[in-house]
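Novice: So the sequence lines, in the order shown, correspond to chains W and F. First residue of the first sequence? That's 1 in my numbering, and the numbers climb one at a time after it. First residue of the second sequence? That's 1 in my numbering, and the numbers climb one at a time after it.
Just so you know, these hints were derived from the structure itself, not from any lab. Virtual Cβ for every residue (Gly too), placed ideally from N, Cα, C. Be a bit skeptical, because a hint or two may be false.
What the hints assert, rightly or not - Keeping only pairs whose Cα atoms sit at most 30 Å apart, straight-line, the calculated BS3-like set for lysine-lysine is:
no.	chain 1	residue 1	chain 2	residue 2
1	W	K124	W	K179
2	F	K61	W	K124
3	W	K13	W	K179
4	F	K61	W	K179
5	W	K45	W	K13
6	F	K47	W	K179
7	F	K47	F	K61
8	W	K124	W	K45
9	F	K47	W	K13
To be verified - Simulated DEER-style distance windows between Cβ atoms:
no.	chain 1	residue 1	chain 2	residue 2	range
10	F	T44	W	K13	28 to 38 Å
11	F	G65	W	M1	30 to 40 Å
12	W	N75	F	S46	45 to 55 Å
13	F	T20	W	N75	55 to 65 Å
14	W	T24	F	G33	47 to 57 Å
15	W	S29	F	S67	34 to 44 Å
16	F	V95	W	D82	41 to 51 Å
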Amino acid sequence: MTAYFRWNITDTKPTWNSGPATNTPTPVSANTTIQTTGYARAGTKFGRMAIIGNDSGNQQAGFDLITSLPNFPFNVVRSSPDIYRRCWMRIQPGFSWGSGTAKAKAARTAGVTVSRVSTDYISKTGFMVGETDGAGGGTGPAVVPSNYNVANTDSNVRVDFDMTAMADGLWHEYVMRVKSNTATGPAIGSLTDLTSQDAVLEVFVDGVSIGSITNWRLHNNAGNVQYEQWGGLMVYPYFQLNGTVSDGGTIDINDFDTSDSYNSCFRYGRVTNVAVS
Amino acid sequence: MRQSTIAAMATKPGFRAVVTGVATVSWTALADGTQTGYAIYYGTTSKQYTDRVDAGLVTSKAISGLSSGVRYYFNVQAYFANGDETPASDEVSFVVP
Numbered sequence: 001m002t003a004y005f006r007w008n009i010t011d012t013k014p015t016w017n018s019g020p021a022t023n024t025p026t027p028v029s030a031n032t033t034i035q036t037t038g039y040a041r042a043g044t045k046f047g048r049m050a051i052i053g054n055d056s057g058n059q060q061a062g063f064d065l066i067t068s069l070p071n072f073p074f075n076v077v078r079s080s081p082d083i084y085r086r087c088w089m090r091i092q093p094g095f096s097w098g099s100g101t102a103k104a105k106a107a108r109t110a111g112v113t114v115s116r117v118s119t120d121y122i123s124k125t126g127f128m129v130g131e132t133d134g135a136g137g138g139t140g141p142a143v144v145p146s147n148y149n150v151a152n153t154d155s156n157v158r159v160d161f162d163m164t165a166m167a168d169g170l171w172h173e174y175v176m177r178v179k180s181n182t183a184t185g186p187a188i189g190s191l192t193d194l195t196s197q198d199a200v201l202e203v204f205v206d207g208v209s210i211g212s213i214t215n216w217r218l219h220n221n222a223g224n225v226q227y228e229q230w231g232g233l234m235v236y237p238y239f240q241l242n243g244t245v246s247d248g249g250t251i252d253i254n255d256f257d258t259s260d261s262y263n264s265c266f267r268y269g270r271v272t273n274v275a276v277s
Numbered sequence: 001m002r003q004s005t006i007a008a009m010a011t012k013p014g015f016r017a018v019v020t021g022v023a024t025v026s027w028t029a030l031a032d033g034t035q036t037g038y039a040i041y042y043g044t045t046s047k048q049y050t051d052r053v054d055a056g057l058v059t060s061k062a063i064s065g066l067s068s069g070v071r072y073y074f075n076v077q078a079y080f081a082n083g084d085e086t087p088a089s090d091e092v093s094f095v096v097p
């Protein structure tokens with residue numbers, strides 16, 4: 001397994017491609033704090049985000065990595081290795097996604113020659129990949145055979161899940177896997193060459209796959225250097241609840257990992273036969 | 001602190017001695033085998049732990065300084081060289097004598 005990004009907040013700096021990051025991440029605004037007491041899930045510290053509901057679709061939270069991170073150790077969008085992004089979240093009871101757009105941009109892959117490769121979303125009703133329009137001169141939005149000519153929406157590629165049920169005050173693990181397509185897909189609006197549409201979005205919650213979307217196309221660009229714009233899943237989320245003042249609430253975050261293979265902590269198993277006397 | 005000092009404090013109004021006790025937590029080694037140690041999380045509210053003790057690569061650990069008569073909740077997680085920790089174990093609780 002190659003870990004591209006790791007950070008447990010207990011350590012001052014993340015690691016990137018096995019080396020220490022140059023800068024110390026800092027809370028992006030007053031809505032995010034580092035907690036040094038309480039159950040951190042792993043280590044002794046975690047992040048806490050106080051999310052408002054009436055954000056007008058514009059609410060940055062989490063940790064600013066200060067500068068653009070190094071590139072992924074591969075330089076193509078098409079046929080690139082899988083990217084597994086892991087985070088742990090503790091959504092406190094009472095958190096409300098509201099009835100607006102009710103989503104957060106959770107991670108983003110950017111490109112040097114194609115500025116916007118893809119964005120991972122976590123929403124009230126599921127996990128999505130969007131913003132794959134390649135703004136900056138690239139080609140192709142994420143498309144699936146059923147709506148191959150629908151460009152650049154947030155929900156073309158979507159795994160349904162009820163996130164409202166996760167506001168139980170307990171730590172849960174989320175892993176989003178994105179695999180790019182291996183060959184050039186059809187032009188937008190042309191129903192041809194569906195066999196090349198072999199990109200995958202798969203989502204795991206607490207070590208269990210909750211669904212996947214296959215046979216779609218992420219991007220056609222084969223020579224674009226990729227980099228992780230926000231570090232990992234929910235490190236630097238951009239909430240777009242578009243709700244009311246009574247929506248939002250508290251979300252704790254910790255234990256981020258972005259790797260080229262399945263990186264769930266559940267793969268180790270659990271400690272058993274715990275007793276106390 | 002000298003015994004005479006403690007005795008003097010005990011005579012003052014509002015003084016209440018805190019009695020502490022010990023709990024010994026044990027578990028079965030993780031089958032994975034690559035773990036480099038275990039961490040014990042505990043606290044007085046179920047699943048809301050306030051303290052973490054690094055037990056090292058053992059399968060039993062005594063935790064001292066707990067308040068007598070109070071119920072504590074414990075969870076054991078294995079950790080690894082890369083920083084990963086296993087998910088929480090089943091929780092156990094104990095009233096410290």
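Novice: Please list, smallest to largest, the hint numbers that this structure does not respect.
Specialist: 2, 4, 6, 14
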